[in-house]
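Undergrad: As a plain string of letters, each chain reads:
Number of protein chains: 2
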Amino acid sequence: MKTTYRSIFKWGDKREEKLEKGVVELVKEQFQYTDTDFDKKILYGNKEVRLSQKPKIPVIVRQQFETISGSENVLRDDYSRASHAFGKFYGDLLYLRKGEIATPPDLVITPRSEKEIEQILTLCKQENIAVTPVGGLSSVTRGVETPHGGISLDLTKHLNKILKVNDVNSTVRVEPGVYGPVLEKYLNERGFTCGHFPQSFEYSTVGGWVAARGAGQASTGYGKIEDLVLALRVITPAGIIETKDFPATAEAWDLNKIFIGSEGTLGVITSITLKIRKYQPENRALASFVFKDCQSATQSMRKIMQAGIGFPHLFRLSDPVETTTAFKIKGFDNSLSDKFLEMKGYRQGERCLMFVSIEGNKAYARLVKKKIKRIARKHGSFFIGAKPTKDWLKQRYDSAYMRDPLMDAGIMTDTVETSVTWDNLLNLWTNVRVYLESRERTHVMSHISHVYENGANLYFTFLSPMKQGEEMPDYLDYHHGLMDAILDNGGSL
Amino acid sequence: MKTTYRSIFKWGDKREEKLEKGVVELVKEQFQYTDTDFDKKILYGNKEVRLSQKPKIPVIVRQQFETISGSENVLRDDYSRASHAFGKFYGDLLYLRKGEIATPPDLVITPRSEKEIEQILTLCKQENIAVTPVGGLSSVTRGVETPHGGISLDLTKHLNKILKVNDVNSTVRVEPGVYGPVLEKYLNERGFTCGHFPQSFEYSTVGGWVAARGAGQASTGYGKIEDLVLALRVITPAGIIETKDFPATAEAWDLNKIFIGSEGTLGVITSITLKIRKYQPENRALASFVFKDCQSATQSMRKIMQAGIGFPHLFRLSDPVETTTAFKIKGFDNSLSDKFLEMKGYRQGERCLMFVSIEGNKAYARLVKKKIKRIARKHGSFFIGAKPTKDWLKQRYDSAYMRDPLMDAGIMTDTVETSVTWDNLLNLWTNVRVYLESRERTHVMSHISHVYENGANLYFTFLSPMKQGEEMPDYLDYHHGLMDAILDNGGSL
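From first to last, the protein sequence lines stand for chains A and B.
The first sequence begins at 4 in our numbering and counts up one residue at a time.
The second sequence begins at 4 in our numbering and counts up one residue at a time.
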């Protein structure tokens, strides 16, 4: 029976339990760790959940919620409240590990229908109670927290149905609480794909994708979530707003766009119509390249995006540290391939790894790949075949699961992203690295994912031993400094 | 010296002066017109402009505007006010022809700088004066009218500069008052295209494109204006809002999208950063097809958009009436080609004409064309080469200029569009045609332009003799019925 803080911040996925051998080696080397350091169980969080705050909502009001949704769908036990207090932001995990939950929701309600949501919102408005709609609780932008307590409205239990696949229009209508893999499997079986694969894919819901306005790993080809949403139905305290699934409209501003990214602040999304695409994995064209340095690699990325040759779906570039780290973790360090690349002038510590995948029609995917190969070659790259990209795709969601066992060993780790125009990319990249590396004993890796005609998204990942006893201020201080470094260098937040 | 109402509703373009021979023939045949009917000069509007309403703004306030922008930029003569009272909506033209201007602006101001706009807005807020920002005044959605009088803020005179082409980011920053052809020529000379070609291209401004949220003829490939805008600077009564030219962001909802389509109601756009693309007209791949009927043609369009083969840039389909009309106007009627098509089973009155243009990289454009040809062939089309599309492109903006000489001959004509999902397209098309054709002596043509994965935009064009003396109620009645027919059949407005 799961009743500990630990059971909240661990998804329960087996990939969270153990670090890959290569990662252990890296940590040992970087931070002079020994095997015993990995048994530290820092802030292990294995105490039973106990909240000091009782629910603030009066019994008479709670009973009204129970009348609306049934008492089995109105939860007020400590564990339910604690498990809805946070998302998966690094700071959230630290709080849970420390057993510190300052503002849990007073109640967790799992409504059974849109009608119930309407009634709940009406009651909350009348009683001045805050409502926070939540899906998979995988948010790293603190969108699911309940700073004013109130209701955490969990849509995953009942509002998780796939309502209709429209083969002709190439759309799917779903309820907000459906998880990514459930939707994708359903669509694949019918010859479609949703094309949206955020890092949180396995534990996030369509409603969360929309509310948090994310981009998936294949967004360079398929678009970000805002490009995929055709229609929404939203329950707001002022009434129901429903947009239609028109392929395009020009009636004043676009109402969809006001709800996409609103993090649940404007209403509760109860139905979403998404574009879907043909699922043709057999047509997928994969390509992997090694470049001599970041300059030539990013230049090549830019040229590819601006060439008028269509776009790859997955387009990813690792910086020299991430590339070296990947080689080490995968055991390619000092392999024949490694030595061969070195000999050819692709030096460790400078070389960058690029992954490309193109989907769609077979001839189309082949042509785009051919054109990309040509541009990449012009920029001095070495083509290393399909396999590295294929391997990367297989473990595409795994890295997120390293966070917990790393934290168990007292290592802080987080990934932060920014979007930046091409003409400012190398400048921002360099300066933000300088900031991140100004911290002692810190391993900083970065990569580009989600590439656009006019710029790209940069991701910075860092690992560093926690300052024990000061884990939170240490992290927040470093994190704020990182935000400042990004803003000072012209990146988006 | 232009001082008549007629000089306002005529652009002064020579294409407005005379109807093509083929159009004259069509009108004669359809409406039993004789040559003398074309000399009717119905509602010719050649009276001198005289406004009965004096400007309502007190002299002392006007003088403050003059202090801000210079007296030469604060216009209050009848002609300036009249020429800023309307856009180019059919009803607007009728009013101008009748010399009826109910609510002209009190003043027309042509500000010289953003600073002046700020000062003007501050003063207007203080004095409770309405402000309507305008560009090329080509709006057909009544966005430039001044129902409360006040200020018509004309941005075309001074705020019309191209500020910066960024070759690396592939963007251009402009002031709102720059006209389409000026921008396009400037970009072409530097190897780029803006890729946005609305029907009003020749007489519309970038600010207007954004405020009215339009789609261009090549939007199927390049995207609509909202897909092209990366950043905006907007002066609002509450302060300046500026978004950055990040290639993407996810900071809550997208502020750009709130101003795009706002028709100037939320503020005055003073700077726009647009995506631009490589200008490679030599790579353009053109294709034209004849289909046996609307069903097979639209089915083919849908399959093309959903095939994962990339998208054509221009993608246009004429219904059987428009196709027949085009054949007639171009003199192909009873030609050898006409007879050949007839013999092959592509019958007049049923056959549909499709135009396709693909831009970008040469091999890419060729491949997309090849794939489109294959899908079109599967749906029974007959490939008729590049020339018809090439010819169409040459006169792509001309049809709008027929409106004035047709009105001179007492013929009402307008084009109305709606977007619709694929599964509802034929239903809506049929029913709206039934409505439009329920009017006596009416020639109804329709076409598809702006095609999406999930549906398409349908355009209905009608020609019909005006009810003389009741031109306005007759038009409004017919037009309202059309709106109802579209809505009742599930189209967007």
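Among the hints, erroneous ones may be present.
No distinction is drawn between identical chains; accordingly, a pair holds when it is met within one copy or between any pair of copies.
With a Cα cut of at most 35 Å, we get these calculated DSBU-like pairs of lysine-lysine [to be verified]:
(1) Lys-331 to Lys-393
(2) Lys-118 to Lys-306
(3) Lys-43 to Lys-374
(4) Lys-390 to Lys-365
(5) Lys-247 to Lys-306
(6) Lys-470 to Lys-393
(7) Lys-247 to Lys-21
(8) Lys-306 to Lys-372
(9) Lys-295 to Lys-164
(10) Lys-295 to Lys-59
(11) Lys-128 to Lys-342
(12) Lys-306 to Lys-164
(13) Lys-247 to Lys-374
(14) Lys-281 to Lys-470
(15) Lys-397 to Lys-373
(16) Lys-295 to Lys-247
(17) Lys-306 to Lys-347
(18) Lys-342 to Lys-188
Treat the hints as calculated values from the structure; they're not laboratory data.
Undergrad: Looking at the structure, which of the earlier hints fail to hold?
TA: 2, 3, 6, 7, 9, 10, 11, 14 and 18
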